[in-house]
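K.L.:
Spelled out, the chains give:
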Amino acid sequence: MAILHNAVARLWTKRVLTLAISLIAVLTLSFLMIQLIPGDPVRMALGPDAPASLVEERRIQLGLDQPLYLQYLNYWKAVLTGQLGSSIITGQPVSLIIESRLGNTVLLVIASLSATMLLSIIVGIVIGIITHGGKRPTARFSFNFFSGFAGALPEFLIAVALVYFFAVTIKIFPVAGAAGPLSFVLPATAITLGSAATMMRIVRSSTATVLDQDYILVARSKRLPRARIYLRHALPNLLTAALTLGGLQLGAIVTGTIVVENVFAIPGLGTALVNALITRDFPVAQILMLIFASSVLILNLFIDILLTVLDPRSTLQEA
Amino acid sequence: MSGLVVDGLTVQYGKGSQARTVVDDVSFTVPQGKVLGLVGESGSGKSTVARAILGLVKPVAGEISIGGENLPTLSAARRARRVQMIFQDPFGSLNPRMTVGQIILEALEARRDISRSERRSEVLRLLDLVAMPPDVVERLPRRLSGGQRQRVAIARAFAAQPDVIVADEITSALDVSVQAQVLNVLRGVLATEQHSMLFISHNLAVVRYISDVVAVMQNGVIVESGDVEEVLASPRHPYTRALLASVPQLPQRV
Amino acid sequence: MRSLLKPLYSSASGITAAVLLVVFMLLAIVAPGIWEAAASTIDVPRAWEPPGVATLLGTDELGRDVFARTMVATRLSLLSAFTASLIAICLGLPLGLLASAFGRRSTQIFRSVVGVLIAFPALLTAMFVGTVIGIGIPGAVAGIGIAMAPMFARLAQTLTASITGLDYVAAARTMGIGRLKILGRHILPNVAEPLIISATTSVGISILGISALSFLGLGARPPEFDWGGLLSTGLRSIYFAPTHTIGPAVMIALAGITFSLLGEAIAGSFGDTQHTNRTARLARRMAAAARKSRGASAGPETAGAAASVLDAQNLVVQFPSHDGPLTPVRGVSFHLAPGERAGIVGESGSGKSVTVLALAQLVDYPGVVTADRLRFLDRELAELPESTLRKFLGTNLAMVFQNPMSSLNPAIRIGTQVAESSRVHRGLSKAEGRELAIEKLSAVGIPEAESRLRQYPHEFSGGMRQRAMIAMGLTETPDLIIADEPTTALDVTVQRQILDLLERINAEEGTAILFISHDIAVITSVCDRVIVMYAGLVVEDLPTADLMTKAVHPYTRALINAVPDMQTDRSRELATIPGRPPMVGETAKGCPFATRCAFATDLCREERPELLARETGHLAACWHPQETVPVSVQVSAPVDADRETEPGASGEGDQP
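These protein sequences, in sequence, are chains Y, U and W.
Residue numbering for the first sequence is 0 to 318, as defined by numbering that gives the first Met the number 0.
Residue numbering for the second sequence is 0 to 253, as defined by numbering that gives the first Met the number 0.
Residue numbering for the third sequence is 0 to 655, as defined by numbering that gives the first Met the number 0.
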């Protein structure tokens, strides 16, 4: 047991260390965004007609006149204390922008994430079981066809199709803004459809692989009830397999909100980010980038934790 | 042609505090023209010895020499003329995209004593040596059975005309009726070509049949060695005795 | 290359994808020439025209034809996507190849860095790069290209690493072949196919990615336009000119799907639908026929023999394949008395494993099992209802399989797995199950059973796992243990322990044992009886005591003589059987061994010999039983190499 604990400890150290390094890298890159842009970012943001005095004033305000290392230190300080600076264009504090928009984005991510997991696991397993061993080739073909089709469509396209359908024909759901829970139905659907389609293909093939394993044959040789074989013997193993393969897919859901918020004009972090990028409002853009990037990294760590809980082997193998 | 001398060979996997010694101060000699059978169970380090001789792993200590040349210091091409290997898995040891002819021709590249024009006839001679018909030169490995592939692998190893050939578990992936063909072919080739061989196997009966001398390995150490009949008839080390006692036997012949 | 393209024209989706690809290519080439004027000429009076004959999708706020604009945008959209994929490949491949060329340490660092990069959503990376380079098509293309590069880097690295680990690369290295030649000859040709597949798929991903950026306003900027840009313009007027979104949306969707279909078609994952349909139909027909024949033959009970553990008569197992049914077991009959230890010996393709799966009612769809009689503990299995059958077999029959590494469920604790049968079939409580598990684990010689209950299979060694498997089978004190190659994956000393354990169980509990192995010596050391199988048939069945004196089938005798043992005469060649065992489906009429047999006559090749009793407890199926010659005298045929693959060709092997 001591060996195992050691292994667990080593694995955790490795995971947390990787996360820390990644976060530092992301933070540094988001800081460098302003520095890497060719030309004067303030001039770019304010446009060629802005008076030189205003540009200079904003430069000083942003601290761009200071030496690079000092700017970097200040950036760290800002991120750690939450004193995030303000927009070049509007002068609005970044923390205020985040505060007013975070809720919508989080809601959308959670809704899409849970819908994707639920849909893909249930459909993937059921299809995996009923088509296992070459049974029901027509069902398998239709599943492959439809999930392949939906998986190949990007979120923004599905979103536009939904807007088209519900705005032009049936007006059940609001197609723009964030007024009440109903207005999240279509955006969450747009994100879920595509990612669930991809994910359920992964779940299906993991199911098929797990059902072919020797230990399933052994479970059958013990004449266990089918439900027990599927739920007790197959499920944990296939979830591990599916999460290992499909975990990356889930990170894409977070960024999927950026696109979909723009289609449905939801006042969230995604719309703010795109807006900031288009208007070259770099102080806002860099912080929002940092938020999206670190939440993806943290989500990935969370999936890794889930994997070690689900599969005791992975602890030993990786350490 | 010369024999193989291994002296004080030590191999470790991992580094620093995590280093595991898998081969520990192993010494043996394969006399010129003889077959040394190296027996041991999984984890005994016998395959690591093979890989060290072939330069596929780096030893931390010890000498491996053939004809007075220390193998670890030789260039890959020079070593190729000294030692060759036959691998365990006939399905993994032949490139699936090369024909049998190309596979053996590649091994002939190491030879200096035959010209380009002689190579084709040498390929056919080698195939004949392992009882394969000439028309297989055009075939891809996937059209050959396991036993046939293993014979091609034998032909490839002999093609380079090395002093020593290392055979690592070469029959353990084969059906029993096919194993006999491969062993017969190997014996036939050894008789005509006068090479020395290190024959590694977990199967005592096969080692007994093919080898002149035997060395028994356990946990990275050679525990007993000597003439094959002598060691197996009157083993002195308890591990050798335990191994022999474990071998399943057919009822006595009449 | 031809083999790579074959799946394209052999599957419907492949053909569709190929046709779409050609259409897109043509459009990209000719569309700007045809529609350029209509697409970019500003004609304000004609703004917001509804769709009609002249303008298929209507006109935009500047009077430009939206359909023409969509067509013209094909070139920019595809060109950007190809460029992005090219950037990804040019950055990723060399990185991945280099990483595997250096030492283990650098590979590890590379892998964790790429691991983080891959987990990082492409859209964010692309946005970052695009912003730094400057908003526009070049920024978007570079962004998507760089975002996809880690994917190729990892693919190249894992592919090369997997190939580099293979023996044929090691073989090339031992032959002194240079690094570059090894890369060119052995590695690249074998990684090319998967790389081409993902390059194809990546074009689709690029199209979608760049469209997304343009759609957000971070890609093409006016006056440039691609599909994503057109879609975003269309969305703004979706309430009064909904058709404007249709064109670009359809093009993006079609292009994305084309490349993903193309990739899948090359990979061949779609190609098999027709075959599986045919096999599924065949499976249904076979199952129906089997049901019918069962009803017909369930007539008179000709039993009369002593009570038996297992009694199989004419057991047949069939699997459908696209070339018709395959029959790995072609009519096996045998009988096992209580407490008896019998062994089935056979080589690959002999059908021995499928036979025991069928005996244990474990042949799964699409396999079909039929038998004139299949009785376990004197009860006909076909007649038992499903629920009774489950408990009956679950408590009376135990199975041990070949690979202890994969036979235990990696996610469930050992104790739970051992006690599971009893808890399910007998309703034991958790505590009772625990007690039972401790008792049985100790009984099979696992020390400190109590503390090992909570461990997972990966914490057990191979020998210990096989013991745990046996303990798992013993919890319900079964009447029969079927052990399918239980020691093949183990070392000889461990094998000996497992064999001793099985013998002890047999002696103490009276449990009958059916032991399957390819190694006749292993069989004779545990079993009272040897059943020899070849090509799905029993060819000889005799007491172990008679094996060395009375075996008459040439195959049985060859098996004995072909395997060297500790008494084998080292000065003589081993007896060999020419050729190799037939694979399932390669069987002809007549005796299955005829093609490899030194005594075969025309009769053997024409008519299959029946398994007939020679004396009590000895059956053989042979037209020319070798009764006068002692078993150990070798009658060996030449190593006839060529017969193995082409029965018609002449063999020119060396002579014995």
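No wet-lab data here; the hints were simulated from the structure.
Predicted model, so just to flag it, every value in this text is computed and none were measured.
The C-beta atom is built at its ideal place from N, Cα and C for all residues, glycine as well.
Hints may be right or wrong, so weigh each one.
Below, in silico cross-link-like pairs of lysine-lysine (DSBU-like), each with a Cα-Cα straight-line distance of 35 Å or less [said to hold, decoys possible]:
1. U:Lys-57 <-> W:Lys-180
2. W:Lys-588 <-> Y:Lys-134
3. U:Lys-57 <-> Y:Lys-13
4. U:Lys-14 <-> Y:Lys-13
5. U:Lys-57 <-> U:Lys-14
6. Y:Lys-76 <-> Y:Lys-13
7. Y:Lys-134 <-> W:Lys-180
8. U:Lys-33 <-> U:Lys-57
9. W:Lys-180 <-> U:Lys-33
10. W:Lys-390 <-> W:Lys-429
11. W:Lys-588 <-> W:Lys-549
12. W:Lys-180 <-> U:Lys-14
Here are the simulated distance ranges between beta carbons [what the hints assert, rightly or not]:
13. W:Gly-509 <-> Y:Thr-12: 49 to 59 Å
14. W:Gly-461 <-> U:Leu-55: 24 to 34 Å
15. W:Ala-11 <-> Y:Phe-301: 16 to 26 Å
16. W:Gly-461 <-> U:Phe-90: 17 to 27 Å
17. W:Leu-179 <-> U:Leu-123: 43 to 53 Å
18. W:Glu-614 <-> U:Leu-55: 52 to 62 Å
K.L.:
Quickly compare the C-alpha distance for Lys-134 (chain Y) and Lys-180 (chain W) to 35 Å and report which way the hint goes.
P.N.:
Not OK: Lys-134 (chain Y) and Lys-180 (chain W) at ~46 Å, beyond 35 Å, violated.
K.L.:
Can you tell me whether the CB distance of Gly-509 (chain W) to Thr-12 (chain Y) sits inside 49 to 59 Å?
P.N.:
Holds, at about 54 Å.
K.L.:
Verify the proposed pairing of Lys-76 (chain Y) with Lys-13 (chain Y), using a straight-line Cα cut of 35 Å.
P.N.:
holds, 26 Å
K.L.:
For a C-alpha distance cap of 35 Å, please report whether Lys-14 (chain U) and Lys-13 (chain Y) respect it.
P.N.:
holds, 18 Å
K.L.:
Between Lys-33 (chain U) and Lys-57 (chain U), does the CA-CA distance stay at or below 35 Å?
P.N.:
holds, 26 Å
K.L.:
For the pair supplied as a hint, Lys-390 (chain W) and Lys-429 (chain W), confirm whether the alpha-carbon distance does not exceed 35 Å.
P.N.:
holds, 19 Å
K.L.:
Would you say the C-beta atoms of Gly-461 (chain W) and Leu-55 (chain U) sit inside 24 to 34 Å of each other?
P.N.:
holds, 25 Å
K.L.:
Cβ-Cβ distance between Gly-461 (chain W) and Phe-90 (chain U): within 17 to 27 Å?
P.N.:
holds, 23 Å
K.L.:
Does 52 to 62 Å hold as the CB distance between Glu-614 (chain W) and Leu-55 (chain U), or does it fail?
P.N.:
holds, 56 Å
K.L.:
Please verify whether Lys-57 (chain U) and Lys-14 (chain U) have alpha carbons no more than 35 Å apart.
P.N.:
holds, 13 Å
K.L.:
Do Leu-179 (chain W) and Leu-123 (chain U) keep their Cβ atoms within the hinted range of 43 to 53 Å?
P.N.:
Between Leu-179 (chain W) and Leu-123 (chain U), where Cβ atoms are some 29 Å apart, the hint is violated.
K.L.:
Check whether the Cα positions of Lys-588 (chain W) and Lys-549 (chain W) lie no farther apart than 35 Å.
P.N.:
holds, 27 Å
Against the hints set out earlier in the document, violations occur for numbers 7, 15 and 17.
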